[in-house]
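Novice: All chains should be built: construct the whole structure from the sequences, respecting the hints.
These protein sequence lines are chains A and B, in that order.
In this text, residue positions in the first sequence follow this note's numbering: the first is 2, and each later residue adds one.
In this text, residue positions in the second sequence follow this note's numbering: the first is 2, and each later residue adds one.
Derived by calculation from the structure, the hints in this document are not laboratory data.
Just so you know, nobody snuck in bad clues.
Simulated DEER-style distance windows between Cβ atoms:
#1 A:Thr187 <-> B:Asp137: 19 to 29 Å
#2 B:Ile61 <-> A:Pro79: 49 to 59 Å
#3 A:Arg138 <-> B:Ala39: 52 to 62 Å
DSSO-like cross-link-like pairs, simulated, lysine-lysine; straight-line CA separation at most 27 Å:
#4 A:Lys48 <-> B:Lys29
#5 B:Lys126 <-> A:Lys33
#6 B:Lys48 <-> A:Lys29
#7 A:Lys48 <-> B:Lys48
Here the structure is a predicted model, which means the values were calculated and not measured.
All residues carry an ideal CB built from backbone N, CA and C; glycine is no exception.
Protein chains: 2
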Amino acid sequence: MISTRERILDAAEKMFADQGYSATSVRKIISKARVNLAAVHYHFHSKEELLEAVILRRAIPANQERLELLDACEAAAPGGNPGLEEILRAFLAPSLRVVRDPALGGVVFMRLIARLQAEGDLWQKTVGGHFLPLLDRYGSALRRALPELSQEELFWRVHFAIGATTQALRGTETLELFSGGLCRPTDPNLILDRLIGFVSAGMRAPVAVHSLSGGTK
Amino acid sequence: MISTRERILDAAEKMFADQGYSATSVRKIISKARVNLAAVHYHFHSKEELLEAVILRRAIPANQERLELLDACEAAAPGGNPGLEEILRAFLAPSLRVVRDPALGGVVFMRLIARLQAEGDLWQKTVGGHFLPLLDRYGSALRRALPELSQEELFWRVHFAIGATTQALRGTETLELFSGGLCRPTDPNLILDRLIGFVSAGMRAPVAVHSLSGGTK
DNA sequence: GTCTATAACTTGATAGAC
DNA sequence: GTCTATCAAGTTATAGAC
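Specialist: What follows is the structure, given as structure tokens:
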């Protein structure tokens, strides 16, 4: 039998992902989790801390693994400089495991992350900080893999890449809809391959020479 | 003096963008707009219809312009087949105008769009349908610009591109934060140039040969 | 650790005077 | 078209029994 605490986390994760944080009341959560209202406040003190717990349960081990995978692939690479695709794969492999395994949250968790990321404020309050150390390590690996890019240019491309990744991992309902059912949720491995193809090409794009006075048509 | 109706729309747009739809109560909106509570229900019937009105006010003219720009660039292109960058630019030019002009909603409106897009359910209920006709026209233009891609592959790449675009137009707070202030909100034209560079390279990426049994590392 | 009961407040929406 | 007054329901959170 799963503990009360876990049942609350599971229900909250699903409902925050499906309906958003503020649209999900603690009462809806407890009714789904079949627990008592006071149990939530006993275990998590407040709704906001509950959200934080929901995310950290998954994000802490995944980020730990991301660091280890980067270490491993730097150790294996010639000169300690792995290629762009390898770096992207090290970062995304834990996400892929999460998506594949419902016990790790599955797509539900990725949808929640996507949602929070779009909200900005909540993201920073809850988990933003837990991703900053990652950024350091991965940032410097990327700089060595793409030495022709200025620091600024690199940041912009990482920014775009985060957008594409979020979209890819969020789930495919929108895509299924607008592709008329042609694109269906196939093997997540395949999605990852496509994503890495897209992102690595984008990050290697020739540096644009920007017109001095703004777009000349 | 701006009409009551417009004042409500302006306040609602800003607050929905900043705090999300369900975290924004009608009462917070009326206090910002300095109007009466009943005025909202008089003009818009319900909170949900208010959201719809907020979006359609901007989206209808912008989408109209997107169609006209595509017509124009197809008429000008040799064989009626404009290149990838031209198509992307036609689609994004109206977004750029919105971002540049606070009177058209500015970044605020784009932030709202990004948020709704991440929410999925609300998106489809409110505006999803208004983008479908666009998809048809732009989809076929893209197919002609990238004939080497299968229909399915193309849809996936459009999906990723939407993610990158959403991220780019949402505003640069996150980017500023994690770049340590190096990337600041410069000329939106420049952002657009970078985005188009990234996305067009991603869409032209070589088609990956996927391993038959899943990732072989 | 789990429960009931309840406090204290906010929510979207409407009726009806002007 | 604009207002006040009010409804019925739902909100987070806590006190205190077991």
